[in-house]
Structures are given as structure tokens and as C-alpha cells.
Amino acid sequence: MSGSTTTSIRKTKRVLGLFSDFDQAFNVITDIKHYKVPGISVDDVTLKSPIEHPEIEEVLGERKCHVPKFSFVGGLVGFCFTFLFLASAQANFLAQPQGGKPVITIPSNIVLAYEMLILFGVLSTLTGFVLGARLMRKPKGLYDTAITVDQIGIVVEVSDDEIQPLKAAFKMHNVLEVHEESLT
Amino acid sequence: MSEQEHLTHEQTRDIDENIAWAKINKDVLKSMENPRAGYWVALVGCMLLFSVMIFAEVWQYNYGMGDALLNTSHMWDLYISTFVFWIGMSHSGTLLSAILHLVHADWRKPIYRFAEAMTTFSLMTAGIFPVIHLGRVWNFYWVMPYMSDRGIWPNFRSPLIWDAFAITSYLTSSVLFLYIGMIPDLAICRDSATGWRKTLYTFMSLGWRGDDAQWRNFRFTYLMIACFLIPLAVSVHSIVAMDFAMALMPGWHVTSFPPYFVAGALYSGCAAIISLFIALRYFFKFEEYMTMPILDKVCKLTFVIAMFWTYLNLIEFASVWYGHDVPAKEVLLAKAFGPYSPFFWSMVVFGSVLPFSLLSKCVRRNMKIMMTVSLLLNVGMFLERWMIVTPTLSLGYHPQAFNVMWPGWVEWAMVGGSFGWFGMLFLIFVKVFPCVSMYEVKEMVYHRKRHAEADEDAMIVLHTGVPGPKKSQETGGA
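Chains as they are written, first to last, in my numbering: chain A, 1 to 184; chain B, 1 to 478.
Simulated from the structure, these hints should not be mistaken for lab results. Given the structure is predicted, the values throughout are model-derived calculations rather than measurements. C-beta atoms are modelled at their ideal positions from N, C-alpha and C, and glycine is treated no differently. All clues given are correct.
Computed far set for chain A versus chain B, every beta-carbon distance over 10 Å:
id, residue
1, Thr12
2, Ile163
3, His179
4, Glu180
A few chain B residues facing chain A, derived, Cβ under 10 Å:
id, residue
5, Asn25
6, Arg157
7, Pro159
8, Cys189
9, Asp191
10, Ser192
11, Leu206
12, Trp208
13, Gly210
14, Gln214
15, Phe218
16, Thr221
17, Phe228
18, Pro231
19, Glu440
20, Glu443
Okay, the calculated bits of chain A under chain B, using three or more residues with CB under 8 Å as the criterion:
id, stretch
21, 43-50
22, 62-74
23, 114-123
24, 143-154
Same shape as in the complex, but just chain A (with noise of 0.2 Å):
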């Protein structure tokens, strides 16, 4: 495949094709995808954009993303968590009077448990979410702040031998700017 044959080559360059629509943007992607751009994998572009396109998997191809199971594991957690922290904490308070009920309490116990999977499923969420979507970190590669008005980016790391033909193929769909940086 090709993905395997670029990852040995070096990356030295870092470019950024501004685009006025999702038409033009995609059509690059699908050159790459069809090796019209040599070298180049689909698995090498980031897209950047205003809004997250509906079909944007279509063109990208699956990738990954690991939000729900955060979700799934921060919910469990809190709700084992918390019923636990429940139960122990009554079958340490024998002080108080119980009325001929039970010291574990199974209905009301779960109506906090419950409250907690909610909470810890939503803080575990966001955590995905910050891990996932590479958030607070330092800022990296290029950007252009007209991305969050109205165009549409491609980021592409190339090698020197790649930018030529990755250039033409931005220019092919109308490209509005291109930028680069130097990876070293």
C-alpha cells in the first residue's frame, strides 16, 4: 500500500491548501486517495474546517475515535463506585437508628449511584474528549484563522519530492493560498 511505502520517506515540509468549498477540498482528497498525487496517502491529510461536513467519513475513511467507551467506563465506574461508597459508608454508621430497615438500603443507593454514573460518565467523556481531540496542547502545524469563517484546509507532511505535484494538484482545484512550514 502506499501508506506503507511514504512512511519511509522523510517528512520535511508541512503544507496548507486553502480552499473556498467542501467541493474543491474533497477533490483533492479523492486525487490522493487515487494516487493521482505520488507519494502522498489519504491517511497524511488533516482536514480543517468551519463545520464538520456530514460526509466527511466518505471522503477520510473511517477513523477512530474512542468518546463512547470513556463514556461507557466513566458511567460504570461511578455507579459501582458510588453504590459502594454507599454500602460502606452505612455498614459503618450503625449509630443511627435503621427502624426496622435494612442498614443497606438497595433503592435509595441507587438512586445516587445513578446520579453518579451520570456525573462520572460526563467528566469521563470530557476527558475523551480532551485526550481524543488533542486539546490543550501546544499548538502544532499550520493554520489559518479564515478557517473559522469560511474555507476549508488540507494539511499535507510531505517530503521534498512530494510538494511539486501536491502543489499542482491544489492548483488543479482552485486553491485559494497555500502555505507551508518546515518540519526540522
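The hints should help you fit chain B onto chain A, whose structure is shown.
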């Protein structure tokens, strides 16, 4: 009729699909700089109201709970009514941002941000009341689940402890939901701001750059938190209902209380959304985003919820009437014909009769009338909470505790001041942060334009048999 009013009446689409993305950014960012003078008047008014609350709290702190006219049978009164009212208001954000998000109702996009902010600030207002009511406000941490130095834990079987857990979870989750939904917009603000705003937005946008990986994670995160938030919102108001329903008091020990409270919460939240919709549209000149067709939809939603609430109200009355529990029946009759009857019937008129005015298109499309109607609906919902609490406390099981009580100035000052506190937080929020979600309005415009073009193409094919020219997926700007 002025041209502006004429346009407002003629608006038929939720939003203009041809609006450029750059214009959306420009309009929303401009709104954060230049509100109308009415904004400042409202802000000062809210601050004054809030200062009245502080004065009342200082007074109550110095002279005791007796000055709030709270006594043996009326131990809660307006404080818990107001607490329930504000918890109810908080459900609007969850309805608009989470429930309507899951059902793909995209008309919510220009207005959900301020509804979410409403949720957060309503909860922050509601949370004040149990603390105020403690009298010894510094002891509020006693609800926290920790063991005191005498080995005593809070009673985990008490619905009041459930309240503390539920409201903490709801406040934390709704703040995070509001914040996460704002991150792409904060990046937009960061890219165009200067001075202290740039520092604030740079810090809060967490390095958002609109990468496909960021958007993918964002989509899942938003969806997952929406899924968490809906059962949480239902459980929070159900638990608030259990504060009453689990007490053996006539008129409170009712099985249908949890759904009744949830419906009431959604109802008052929707009515508040209408009020704030109209206010923000005026303050920030958001006529292009907060449009009449969107207001129309919110009004229809409010009407449906109002009817559901009315139905549950009737069920509650019927179950008491046919249940033949004499004290509960006496409380019901006292509500209708006793000293509190003017407030009870006002509740019925404002809560169940007035919503029928929403069936009229003329009413729904008149801002001044809608503002009045929405405020009266919320007056009705406030009276509903008061009529749940006070008549029962004045006519409990013990004849020696029968006692008609009218709230004193301290309680009313606290209630009025809570509106000032809420309004102040809300107005500061909408000035510092974008109250219209820019990226979601762009998505809405983009999808609607594509659908319109697809419909147009289908019509061309239908009439000519030849496909129309392929259109690019323009962003309406560059």
C-alpha cells in the same frame, strides 16, 4: 406597519439559506460589542434587584428566620417554591439542546445556546435557596457525603440528600455541556478578538483548530453528553418532586408528582425561552437569526407541553378527589375556595387557559403580546409551585398547626432578588460569549441550502428529464 414589522410578519423560513458564513461571524461578534441601550438598562435593573436580595439576606442573617415570617408549620414556604421554580426553568436548555438535538430538529440551532445558559444560571439561582433557608449559611457543606468527627454520615435515604447529589451532577454536567458546545465558537472569537477577550478566548478554546479529528471527537462528545443529560434532567426534577411526594403530608403524597413536576419544568422553561428570545432579539438586533418561524415553533411546543401539564394537573386533582383521603381532599378544597383561592385560580387561568392564545397565529407573531403572554405563563408556573407548598403547610394533619401564612418582605425580596441574580448572570454571559452558535448556524444554512438545491434538481429532472448543472458546496463567503 413599518417595513421591519412587515418583513417580520412575512418571514416564512427559519433562516435565510443564502446568508454568508462570514456574515454570520460578523453579526454575532458585533453583537458582543454593541448591544442596544435596553441591554444596559436591563443589566442595571437586575443588579439593583440583586442588591435588594443581598440586603434581605443580611437582614435575615442578623435578625433570624422569624423575620422571613417562617414558623413551625410554614418552615419552607416561598423559599422552596422559588427553589422548585428555578429548577424547573433549568429544563429548557436540556429540552432545546439535548432532546431536540437527538431528534435532529435543526431549527433549535440559533437559539439553543442561550437556553443552555439559562439552564446553568437557573441552577445556580436554585442552589442559593436551600442555603439561604439554612439560616446558618456556613453549614451548607453538611449535605456533602463525608463523615463528621463524631462518625456521623448524612442520611442517604433522605430525598434532600438526593437533591444535593442530583443538583450537583446537573449543574456540573450542564456547565460542561454549555462549555463544550461553545468551544468551536470560542475559537472563532479567539481569531478575531483583541485585548483581554483574546486572552480569555485563547485559554477557553483549548487550542481548537477545526481538524477533522477534533470535529469527530466533538460530535461523539456532544452526543454522549446529550444522552447523559436527558435522563439526568428527568431524574433531577423527579427527585425534587420526591422531596414532597415522599413526605406524608396531605396534597403532597401523590404518585404522579414526578412526571407532573417534569412537565411543569419543561413548560416554565419553554415560556422563559420565549421571553429571553424576544429580549435578546431586541438587545442584539438578531432579527436574521432569531426569526419569527423559530419563535412560532417554540410557541407551538410550549402549547403542547402546557396541555400535557394541564392533563397531569387534572389527574392529580382527580386522584385526590376519588382517593377519599379526607385531609388531602380538604387541602384541595381549601386551594379552590380558601384564603389562597385567588392565587390558585390565577394559576389555572395563566397556566391552563392562557396557553390557548398560542393557537392564534396573530398572537404568536406579535412580539409585544408574546412577551406578555410568556411572562404571564411563568407567573402561573410560579403560583403553581407556591400552591403546591403553602396550602398543604397551612392545613396539615395536626389541627394545632393550622395556620394561614403570607410571606413577608424578606421572602419577597429574596424571590425578586433571585430574578435579579439570574438576569445579571445571564446578561453578562451573553455579552461576553456568543449567544448564537455560529458554527451550528453555518451547518444549518449549509444543509438547508443543499436540500433546497437537491429539491430544485429533482424538479428540473421531473419536468425536463435532464439533470440540472452540478452545484458546488459553497460556504457562501470566500
